[in-house]
Amino acid sequence: MAPTPSSTTSTLTLDINGEKHHLSVDHRTTLLDALRERLGLTGTKKGCDQGQCGACTVLLDRRRVVSCLHLAVAAEGREITTIEGIADGDDLHPVQQAFLDLDGYQCGYCTPGQVCSAIAVIEEHAAGWPSAATEDVRPESVPPPLTPDEIRERMSGNLCRCGAYVSIVQAVARGARAHEEARTATAEEAAA
Amino acid sequence: MKEFDYRRAQDVTGAVALLAAAADARFLGGGTNLVDLMKSGVERPDLLVDVRELPLDRVESTADGGLRIGATVTNSDLAAHPDVRRRYPALTQAVLAGASGQLRNMATVGGNLLQRTRCGYFTDVSGPCNKRVPGSGCPAVAGEHHNHAVLGASGHCVAVHPSDMGVALTAFDAQVRYETLDGPGEVPLTDLYLPVGDTPHRETTLPPGALITHITLPPAPLAAHSRYRKVRERASYAFAIGSVAAALDMKDGQVREARLALGAVASRPWRARAAETVLTGAPATGETFAAAADAELAAAAPLPDNGYKVTLMRNLMVSVLTELAEGDAR
Amino acid sequence: MTTTTPGPPALRTAVGTARTRVEGREKVTGTARYAGEIPFADLAHGWLVLSPITRGRIRDIDTAPVLAMPGVLTVLHHGNAPRLYTDYVGMLGTPPDPAAVVFQHDKVPFAGWPVALVVAETPEEAREAAETLAVTYDREPHSTVLTADDPDAYPAAGFMPAATEKGDLQGRLASSAVVVDEEYTTPEEQHSMMEPHAATARWEGGRLEVVDSNQGAGWVQSELATLFSLDASSVRVRSEHIGGGFGSKGLRAHQVSAVMAATALRRPVRVVLTRRQTFSLAGYRSPTTQRVRLGADADGRLRALDHRSLNQTSTVYEFVEPSAGVARVLYDADAHRTANHVVRLDVPSPTWMRAPGEAPGSFAIESALDELAERAGIDPVELRLRNEPETGPVSGLPFSSNNLAACLREGARRFGWADRDPRPGIRYDGRWLLGTGMAAASFGAGAMPSTALVTAEASGSYTVRIAAADIGTGARTALTLIAADALETTPERVHVRIGDSDFGPAMIAGGSMGTRSWAWAVTAAATELRERLAVTQDIPPEGITVRSDTTEALGALAQKERHSFGAQFAEVAVDTSSGEIRVRRMLGIFAAGRIVNPLTARNQLVGGMTWGISMALHEEAVRDRNTGRHYSPDLAGYHVATHADVPDIEADWVDDHDPDDPIGIKGVGEIGIVGAAAAVANAVWHATGVRHRNLPIRPDRVLAAAALPPSDSGPADA
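Just so you know, the sequences run in chain order A, B and C.
Numbering of the first sequence is given in this note's numbering, commencing with residue 1 and proceeding in unit increments.
Numbering of the second sequence is given in this note's numbering, commencing with residue 1 and proceeding in unit increments.
Numbering of the third sequence is given in this note's numbering, commencing with residue 1 and proceeding in unit increments.
To be clear, the hints were calculated from the coordinates, so they are not data collected in a lab.
Treat the hints with caution; some may be incorrect.
To be verified - From chain A, some residues computed to sit far from chain C (all C-beta separations above 10 angstroms):
id	residue
1	D15
2	G18
3	Q52
4	A55
5	E76
6	E84
7	P112
8	E135
9	P139
10	S141
11	V142
12	R152
13	G163
14	E189
15	A190
Stated by the list, open to error - Ranges of calculated distance between the beta carbons of each label pair, as one might list FRET restraints:
id	chain 1	residue 1	chain 2	residue 2	range
16	B	L194	C	P70	51 to 61 angstroms
17	C	A707	A	T9	35 to 45 angstroms
18	B	G286	C	D655	37 to 47 angstroms
19	A	A192	C	P39	43 to 53 angstroms
20	B	V125	C	T391	38 to 48 angstroms
Quick caveat: nothing in here was measured; it's all calculated off a predicted structure.
Glycine included, C-beta positions come from ideal geometry on N, C-alpha and C.
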């Protein structure tokens, strides 16, 4: 069979933080490299480039993924949220505020990934997803509260070599509480 | 990484056809293993056929009370699915024990089964490896092998299959359905992987160009009482050094039926049939569990630095079976 | 920064008050730009090619096919690279590591040695070309395995004497009522900072500018200027945000090769190490084998102490991991002998890594102390209290302040140590055996000369400029507080700029000396500025700037034993049927001088303790014993502790004051890891009754130990 003529680049549109970006990419370009090298969105970090550290965590259709193992060309048509799209203008997201207030970082390089991951952890937990720390995974069981052990397990895909885990876990817990309060307030508003 | 073409498949037939038309193409699912292997130079395809938009992303109950799992269902969706959690809890536990939340959101069921070993010699293209370069040698046998196989290996390759999910699926008699240019096919998961022998580079019995489309789980009432336990060198986000998926059906202190599969001990998820034979019909006691474990591990052939796995697997099997027998989920 | 109500400033209250980081907002929003993230027009990308062979010579590099590949601009190697000047001793008293001085000859002294740099228009093109480049080698036999009795080992001085000795060691050991004589090993450990090394070099207006990730912009600038025979004023290095360093981020192959390429191509070139490349190019902590011999009276008072450590170094550079040094501070004995040895192997050169010497050394000596306590039937805390030295055990010098006893007592009180049953292997929680352990800690408190510029701006605010580095320590924030107090103003009115070699010479972020050294310089300049402002009301548009240099003040400091101290406590759970170990809680109490910012200082101390857990249970870089190459050199093969491994660690401090020091800072970056691994290992002994003398305490080691008589595997249903 004659080889079909092949193309190794594509022109595509990426939907990032609510903005459309048009670019031409080498198929080898990962979403991480497209963000950092092509679009100036350097908040997403490259720690290992192998899916082994979590520093490059972004949200894809609101779910957390490692952008280093996701090809940019395969991200077309998906809704991408990076750390640059987490805050509401000058107002930090409650999780960001908690990281800042509780010193949930040191060098800051893993931080965008930790923050994106934490936001997703809170949503996954709210959706009733169990974790490896959940004693009883059956759907009839009482959903586990987001205890420190649950947070630790769920956040374990984000390494922090500075060793700021203790304050990160506190920040995620505080962010989760703020998230819960906001949801309750919204629900009450709607009910009123 | 070599330059390559990229196509998104819209339907299963088209995906299989696209792959067949290229010299050296691969299906791209979550990419969590393939893209990594392309970066390290282990895989150098000229075409990627992206299968993630195929309509294979559903978990459905089958008429007979089993489950039909689409090949592009993500690990996360599989683990969170109420039917999986209710009817095959060890499968949820196995999936959740693997990788990280991010990787589970990307990785697919089909890709999980076809992922490659994480043996450090396999991923280092500057050195020999029989699995990567047939006939080049296996440095692990005389080198670093403390997390290598103790069952079913050969002198040609001692690498282990890294999947957690596959261990639970193996225990539950999963069937693998696939599509080829010549039509669909099916193979039991226990027969998906070839014995290592002297051809460790040949890993599965799938026909060339086959695309896994579904995994089916037959009904298994005992699976509702199942458990997965994994031991690794850190508390999370690490591959297993040993794992056990087990289910027990008991009556009056006797084992009526048992399912047992082991992870991180062989080139494939290891169904422990010898142990199951000992368990079936025997009293559910520590002695039985130990005898079952010993029966399974009688064939173990450890290397100088991985003999601990025999002890570990024996202890793990006894411990998990004891927990199930006591009906206590601790 | 924590908001404070505007109003008359409360004078000199900033230091000691918890403050969030001044750059915190940038870090949590992703706008803080690290070295590889600063945009440059016309940027080219370099990719290093490393040797897969372990020893030998490069026979040939076939560049032609690679130069024909898309986007490839050049290939640099020993055949075309400029010759560099290497015969010098740098700012920190060391010559350059030959692994950083790339492409000077055809010799390959270890696997992962840099042999070429491929530069291309895009990173993808550079990577593929680098992987395609055909290099042929002539191999030579190699030796890469460290053994305790290597006949080629020799005593070596690093930043301290190789050996110290007093008293009759054999005689005192022979007459001791209780003796410990054991060997301890620690494996190769990798810094594994989250941000791999990255540098962009360019020529701009006749000056070489390097944007880099390093622990000292002025340090790297002086090294590059010397190597390339450039006038120091024509080289500028900037390093604004650094994604961790831990000792690894000094002069490395990435900066040097980037400068070569930028010079050759006359355009900006960026070189970023891959995670795998950092394993051979970024330094590491050498594996150690250590023999400790202790002799004591029946009441636990030490009569003999012998600590000998051996580490590996490369064949081209000597680095000493001074593990035996910790005994020169913590414990005295009539007969006292310490020695650091090295052996040259065909491996990369190790380097400083968080608490060099103290981290592995404290594992050995503090484990041995625990064994002594066990054999003598004395409580481990009490044993340390009984052996606190009056003066420096080797130097005889007085301590500037030594509050180890206060740490031990406060730690024991808060940990609940008094209730501890000393018997091992008897506490169960389900399948888990429980135990507690402790260890003492010390780390040197030094300072090095630095310069600082402090400017009173016409606007009424102040600008501090100093070539400091904030590698995550919180230095930028700490210096803001220091300057505010010295200027008698509020932190909100102080703007601290760091990470620029143009600000003048300054100490690096290292040795727990950074913040102390910089704070001294900032205080000196700020104090003088305040005095000037007291007599000058008019501030010109360019402001009034005062420059300080602490060289003289530091030279006048009296010779004393200056150290921080600490007491580490850990509780662990061990499942001897699976080999799993979980640390359940940990407490560290430290005497670390004046705490500038409690929020960030606590984070530093807890971070160090987290490293201790990681060192005790996880970290081990594996080298194939036949090829001498790393096995799985990545973050899946090299395990650092992740969230699930780390419990709610507590760190706190006791009052500690150095009367000679105007600032009183001792540094908190390293003391947290010292003794931490020993505390965990001692707790594992208390849990199981099995002593683990080899790190990390992996599941297979726990299982192997459990298989030995007397059986201590726990009942499944206890």
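Minimum Cβ-Cβ distance from V142/A to chain C exceeds 10 angstroms = About 21 angstroms separates V142/A from the closest Cβ of chain C, which puts it past 10 angstroms; holds.
task = Could you let me know if the closest chain C CB is still more than 10 angstroms away from the CB of R152/A?
result = 4 angstroms, violated
key: Cβ distance range 43 to 53 angstroms for A192/A and P39/C, holds or violated   = 49 angstroms, holds
request  = May I ask you to check that G18/A keeps its beta-carbon over 10 angstroms from the closest beta-carbon of chain C?
outcome  = 16 angstroms, holds
task = Confirm or reject the claim that L194/B and P70/C have a C-beta distance inside 51 to 61 angstroms.
result = At roughly 39 angstroms between Cβ atoms, P70/C and L194/B fall outside 51 to 61 angstroms, so the hint is violated.
task = Indicate whether the distance between the beta carbons of V125/B and T391/C respects the range 38 to 48 angstroms.
result = Given a distance of about 58 angstroms, which is not inside 38 to 48 angstroms, the answer is violated.
query = Beyond 10 angstroms from chain C, beta-carbon-wise, is D15/A?
reply = Its Cβ never comes within 10 angstroms of chain C, the nearest being 18 angstroms, so this holds.
query = Is the Cβ of G163/A farther than 10 angstroms from every Cβ of chain C?
reply = 3 angstroms, violated
query = Once the closest CB in chain C is found, is it more than 10 angstroms from S141/A?
reply = Given that every Cβ of chain C is farther than 10 angstroms from that of S141/A, nearest at about 20 angstroms, it holds.
task = Against chain C, does Q52/A hold up as non-interface, every C-beta pair farther apart than 10 angstroms?
result = The claim breaks: Q52/A does not keep its Cβ more than 10 angstroms from every Cβ of chain C (closest is about 4 angstroms).
request  = Decide, holds or violated, for the assertion that all CB atoms of chain C are farther than 10 angstroms from the CB of E76/A.
outcome  = About 18 angstroms separates E76/A from the closest Cβ of chain C, which puts it past 10 angstroms; holds.
inquiry  = If we take the beta carbon of E84/A, is the closest beta carbon in chain C still more than 10 angstroms away?
reply    = At about 5 angstroms from chain C, E84/A fails to clear the 10 angstroms cut-off, so the statement is violated.
In this structure, the hints that do not hold are numbers 3, 4, 6, 7, 12, 13, 16, 17, 18, 20, in rising order.
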